[in-house]
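Enquirer: If you read the sequences in order, they're chains A and B.
According to this note's numbering, the stretch in the first sequence is residues 595 to 711, in order.
According to this note's numbering, the stretch in the second sequence is residues 6 to 118, in order.
It should be emphasised that the hints constitute simulated quantities derived from the structure, not laboratory data.
Predicted, not measured: the structure shown is a model, and the values here were computed from it.
From the three backbone atoms N, C-alpha and C, an ideal C-beta is built for every residue, glycine too.
Heads up, some of the hints might be wrong.
Said to hold, decoys possible - Just so you have them, the derived chain A footprint on chain B, three or more residues with Cβ under 8 Å:
1. 40-48
2. 68-76
3. 86-97
4. 107-115
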Amino acid sequence: DTGVSQDPRHKITKRGQNVTFRCDPISEHNRLYWYRQTLGQGPEFLTYFQNEAQLEKSRLLSDRFSAERPKGSFSTLEIQRTEQGDSAMYLCASSLAWDSGGNTEAFFGQGTRLTVV
Amino acid sequence: TQLLEQSPQFLSIQEGENLTVYCNSSSVFSSLQWYRQEPGEGPVLLVTVVTGGEVKKLKRLTFQFGDARKDSSLHITAAQPGDTGLYLCAGDDRGSTLGRLYFGRGTQLTVWP
Chain A
595 DTGVSQDPRH KITKRGQNVT FRCDPISEHN RLYWYRQTLG QGPEFLTYFQ
645 NEAQLEKSRL LSDRFSAERP KGSFSTLEIQ RTEQGDSAMY LCASSLAWDS
695 GGNTEAFFGQ GTRLTVV
Chain B
6 TQLLEQSPQF LSIQEGENLT VYCNSSSVFS SLQWYRQEPG EGPVLLVTVV
56 TGGEVKKLKR LTFQFGDARK DSSLHITAAQ PGDTGLYLCA GDDRGSTLGR
106 LYFGRGTQLT VWP
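Excised from the complex, chain A in its bound form:
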């Protein structure tokens, strides 16, 4: 399978606990995006990387959220001291950067559904 892979698919955690999600992008893609989606809404941008550099962070990404892409391949998104409002689907997508000369279409993983109880 050469698509975007996210792990875990589902996570239930108690308020105040830390959680970490992983995303493995399509191997030749140098851009990786994290989005958050709540029921009935479109994806809200959180952050994105080009290779290992984190180029932009949304103001939605409070200091309890941190994302890394240490070797420019897989990425992790950590949420510390989870709150009930963090309950959402966390989506990862990958694409080529436009200056790579290729198609910039973004492909999504199946998401991680987080429930904070």
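Given chain A, work out where chain B should sit, using these hints.
Expert: Structure of chain B alone, referenced to chain A:
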């Protein structure tokens, strides 16, 4: 501020009807992508439009990119229950220094048998 506005937000129709959903912006995009998302799954790419005025067809789905590359539409002919889902548009902003993807909030389509 939502860079891409999608309308309508909700659409509920009977099988066999035609429909059009819209994606509008005041910004120019290098390309625009349409996705469909089913509950509990990630969005799945349907099509990318690149050239102003471009029309692409995917079976019963027709996608159009506005001449000024600021807006797009998706027309579905003879809708079927299997078309039910959240339709999302996303714009690729190469003109900015960051050039990231911007998403609309989506149109939730329900097709009743």
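Enquirer: Now, for every hint given, state plainly whether the structure supports it.
Expert: How the hints compare with the structure:
1. Coverage of the region 40-48 of chain B by chain A holds. Counting CB-CB distances below 8 Å, 5 residues qualify, and the rule asks for three or more.
2. With a cut-off of 8 Å between beta carbons, the region 68-76 of chain B has 0 residues touching chain A; three or more are needed, and the interface restraint is violated.
3. Coverage of a stretch by a chain is defined here by at least three residues with a beta carbon nearer than 8 Å to that chain's beta carbons; for the region 86-97 of chain B and chain A the count is 4, and the condition holds.
4. Here's how the region 107-115 of chain B fares: 6 of its residues keep a CB closer than 8 Å to some CB of chain A, so the rule of at least three is met and the hint holds.
Violated hints amount to a single one, hint 2; each of the other numbered hints is respected by the structure.
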